[in-house]
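Q: When you get a sec, could you build the whole thing from the sequences and use the hints?
Read top to bottom, the protein sequences are chains A and B.
When you line the first sequence up against the numbering used here, it's residues 1 to 189, in that order.
When you line the second sequence up against the numbering used here, it's residues 1 to 432, in that order.
No lab work stands behind these hints: they were computed from the structure.
Treat the hints with care, since some could be wrong.
The calculated SDA-like cross-link candidates involving lysine to any residue, where the alpha carbons are at most 25 Å apart (straight line), are [what the hints assert, rightly or not]:
{"hint": "1", "chain 1": "A", "residue 1": "Lys20", "chain 2": "A", "residue 2": "Pro99"}
{"hint": "2", "chain 1": "B", "residue 1": "Lys387", "chain 2": "A", "residue 2": "Asp128"}
{"hint": "3", "chain 1": "B", "residue 1": "Lys90", "chain 2": "A", "residue 2": "Arg131"}
{"hint": "4", "chain 1": "A", "residue 1": "Lys3", "chain 2": "A", "residue 2": "Leu79"}
{"hint": "5", "chain 1": "B", "residue 1": "Lys387", "chain 2": "A", "residue 2": "Arg25"}
{"hint": "6", "chain 1": "A", "residue 1": "Lys4", "chain 2": "A", "residue 2": "Glu39"}
{"hint": "7", "chain 1": "B", "residue 1": "Lys90", "chain 2": "A", "residue 2": "Lys3"}
{"hint": "8", "chain 1": "B", "residue 1": "Lys273", "chain 2": "A", "residue 2": "Thr29"}
{"hint": "9", "chain 1": "B", "residue 1": "Lys212", "chain 2": "B", "residue 2": "Val310"}
{"hint": "10", "chain 1": "A", "residue 1": "Lys106", "chain 2": "B", "residue 2": "Lys387"}
{"hint": "11", "chain 1": "B", "residue 1": "Lys218", "chain 2": "B", "residue 2": "Asp180"}
{"hint": "12", "chain 1": "A", "residue 1": "Lys3", "chain 2": "B", "residue 2": "Glu130"}
{"hint": "13", "chain 1": "A", "residue 1": "Lys106", "chain 2": "B", "residue 2": "Val271"}
{"hint": "14", "chain 1": "B", "residue 1": "Lys387", "chain 2": "A", "residue 2": "Pro148"}
{"hint": "15", "chain 1": "B", "residue 1": "Lys90", "chain 2": "A", "residue 2": "Asp146"}
{"hint": "16", "chain 1": "B", "residue 1": "Lys90", "chain 2": "A", "residue 2": "Arg69"}
{"hint": "17", "chain 1": "A", "residue 1": "Lys88", "chain 2": "B", "residue 2": "Gly363"}
{"hint": "18", "chain 1": "A", "residue 1": "Lys45", "chain 2": "B", "residue 2": "His275"}
{"hint": "19", "chain 1": "B", "residue 1": "Lys387", "chain 2": "A", "residue 2": "Gln66"}
{"hint": "20", "chain 1": "B", "residue 1": "Lys90", "chain 2": "A", "residue 2": "Gly140"}
{"hint": "21", "chain 1": "B", "residue 1": "Lys90", "chain 2": "A", "residue 2": "Gly120"}
{"hint": "22", "chain 1": "A", "residue 1": "Lys106", "chain 2": "B", "residue 2": "Asp268"}
{"hint": "23", "chain 1": "A", "residue 1": "Lys88", "chain 2": "B", "residue 2": "Pro361"}
{"hint": "24", "chain 1": "A", "residue 1": "Lys45", "chain 2": "B", "residue 2": "Ser406"}
{"hint": "25", "chain 1": "A", "residue 1": "Lys106", "chain 2": "B", "residue 2": "Val310"}
{"hint": "26", "chain 1": "B", "residue 1": "Lys273", "chain 2": "A", "residue 2": "Lys88"}
{"hint": "27", "chain 1": "B", "residue 1": "Lys90", "chain 2": "A", "residue 2": "Lys4"}
{"hint": "28", "chain 1": "B", "residue 1": "Lys387", "chain 2": "A", "residue 2": "Val61"}
{"hint": "29", "chain 1": "B", "residue 1": "Lys90", "chain 2": "A", "residue 2": "Leu64"}
{"hint": "30", "chain 1": "B", "residue 1": "Lys387", "chain 2": "A", "residue 2": "Arg90"}
{"hint": "31", "chain 1": "A", "residue 1": "Lys3", "chain 2": "B", "residue 2": "Ser406"}
{"hint": "32", "chain 1": "B", "residue 1": "Lys273", "chain 2": "A", "residue 2": "Arg25"}
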Amino acid sequence: MSKKVLAALQEQFGEEVVLKTHSHRGDDTAEIVPEMIREVCRWLKSDPEMAFQQVSDITCVDWLGQSPRFEVVYQLYSLTRRHRVRLKCRVDESDPRLPSVQPVWKGANWLEREAYDMYGIVFEGHPDLRRLLLYPEFIGHPLRKDYPIRGEQPLVTMRDPESQRPVMPGGTLIQLKRPEGVRPVAEEN
Amino acid sequence: MGAPDKIKSRDESAAEMAKVRRTLGPGSNPPPASFFGSEVEGLPTEEILVNVGPSHPVTHGTVRFLIRFDGETIAAIDPEIGYLHRGFEKQVEAATWTQAFPYTDRLNYVSPMLNNVGYAMAVEKLIGIEAPPRAQNIRTFVGEIHRICDHLTAIAAMALELGAMTAFLYAVEMRDHWYDRIAELTGARLMVSYCRVGGLARDIPDDQWVPKVRECLKRTLEIVRELDALLTRNRIFIDRTRDTGIINAEDAIDWGFTGPCLRATGVDYDVRKDHPYLLYGELDWDVPVGERGDNYDRYLVRMEEMRQSVRIVEQCLDRLPDGPIIIDDWRWAKPAKTDVYHSIQGTIAHFELVMYGMQVPAGEAYGYTEGANGELGFYVVSDGGGKPYKCKVRSPCLSLMQALPSMVTGSLIADLVPTFDSINMIGGEIDR
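A: Rendered as structure tokens:
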């Protein structure tokens, strides 16, 4: 549909920033170097030809086993030009962080908090990066592919009677680490 | 007296409070004029922190507001969601593509068809298929019926929480008539699971059903007229909603607003008009827009959208074509029962679809449709297997909800109620 967005992106930023592009079923996609995502978004919003006033969605795809593992996906929409583009950034498991686009669009606030909550992606420069859907004591990031689907997290940790290690319902032994300053309810009583 | 020339000490203000209480006295009704005059203005206020919800009726049971009050004014507010978090996306990743439909119903149980269609169209986009014309027609008008139900519920809840019980009862009665029609069509009142990839689960039940729908359309217009008479010029309703919860167009766009709440600020954007899908491009209907972006405009936009939905349903019924309701391709849709029982290929196709699910080619697609609250997006990724590798819902309420603090900070606690109602937050959709 509007491959001109991809062409303009490549022209503006070059191959060092726009790693690859493709169009599939009318969805234009560009892979961006993570460090440059905020600059690219700022340009896409301010340029009158692009005019992407809205970020529709921010999410992440966990390609477990690949390197880099995570793919952060941005869906952008322009209300005046009526076109869309999808940006992607690959970040590695060891240090999943990239600049926040919250300074560009206010609407990115909760979307980034959700991606942080569900996948553990750290958005640098986000004013208030907290968990959005889960409680602060929750350990791990449930939408990662290696998080068990039947995993449960009681606030009072259950203990395996033999090894005395915390146990996850379903049989997997895991080492639960609590954030600092949070004590299990049992200890307080 | 006027404003105090120095900040009073705690003892002094306590004495002042005691004096006011004495002036009021037990059972003095109405309170003396001085209570509302200058005497109370000098009273010092203390900031307090209050939890509203998650079990407060106004929060509809699924959201908590942590509010710092300065007197009756909201100094700061932090909405906290997640009480209904069901792990929709994780569940869908563990199910086949078709098994995801019952989960999508529960995203918004008042308008499940819109969620069904949104998901089905995202998967169809990924595969590259299209539903047959009759299925597209039915999808369009059943979706519009559910849009009517959703708007009726939103307006009814808003009216009820502002004290208008009658309006609530009228709207809910109408919604129940529609639920009867939906139950006749799909077999379920709320969780319809009526869509399938490539078409629909079943056809219209009999010849009597369409006339009954037309009857309901007439009744809907009557109910909308009655709601209009009850609320639109109601002094109390206007006082509570006019110029409260204002957001301007620029901020609304920046926050990611879509749907009636965006249109109430005057921005003419509707996915159905701007990126037509199903039959919307061929039908004759209008997009209502507001001017001020306050609660009253959001109410008016929803009222007008119901009338437009009635127009859409009527046109769909007029041009309802004959033909199949699901594509005839055994890779995506289950074969007819006669084929399953009388041919080995049919049996195998049925078995494979049920056991392994459809094998969607690897790739990704972002399908966007107009839900009742705004742009409902499904971002689906396939790795070529029988299960979705990733399914992300772009729920319209999330964007609306995150802007709530900017809409109510500095206003009275009473304004929180209509504002929260008019953005129509849906727990299932926002928490997933």
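Q: All hints are to be evaluated individually against the structure, with a verdict given for each.
A: Hints, verified against the model:
no. : hint                     : in the structure
1   : Lys20(A) with Pro99(A)   : holds (20 Å)
2   : Lys387(B) with Asp128(A) : violated (35 Å)
3   : Lys90(B) with Arg131(A)  : holds (17 Å)
4   : Lys3(A) with Leu79(A)    : holds (17 Å)
5   : Lys387(B) with Arg25(A)  : holds (20 Å)
6   : Lys4(A) with Glu39(A)    : holds (19 Å)
7   : Lys90(B) with Lys3(A)    : violated (33 Å)
8   : Lys273(B) with Thr29(A)  : holds (24 Å)
9   : Lys212(B) with Val310(B) : holds (14 Å)
10  : Lys106(A) with Lys387(B) : violated (34 Å)
11  : Lys218(B) with Asp180(B) : holds (15 Å)
12  : Lys3(A) with Glu130(B)   : holds (23 Å)
13  : Lys106(A) with Val271(B) : holds (22 Å)
14  : Lys387(B) with Pro148(A) : holds (16 Å)
15  : Lys90(B) with Asp146(A)  : holds (11 Å)
16  : Lys90(B) with Arg69(A)   : holds (18 Å)
17  : Lys88(A) with Gly363(B)  : holds (14 Å)
18  : Lys45(A) with His275(B)  : holds (21 Å)
19  : Lys387(B) with Gln66(A)  : holds (19 Å)
20  : Lys90(B) with Gly140(A)  : holds (14 Å)
21  : Lys90(B) with Gly120(A)  : holds (15 Å)
22  : Lys106(A) with Asp268(B) : holds (21 Å)
23  : Lys88(A) with Pro361(B)  : holds (20 Å)
24  : Lys45(A) with Ser406(B)  : holds (22 Å)
25  : Lys106(A) with Val310(B) : violated (36 Å)
26  : Lys273(B) with Lys88(A)  : violated (28 Å)
27  : Lys90(B) with Lys4(A)    : violated (35 Å)
28  : Lys387(B) with Val61(A)  : holds (15 Å)
29  : Lys90(B) with Leu64(A)   : holds (15 Å)
30  : Lys387(B) with Arg90(A)  : holds (23 Å)
31  : Lys3(A) with Ser406(B)   : violated (36 Å)
32  : Lys273(B) with Arg25(A)  : holds (20 Å)
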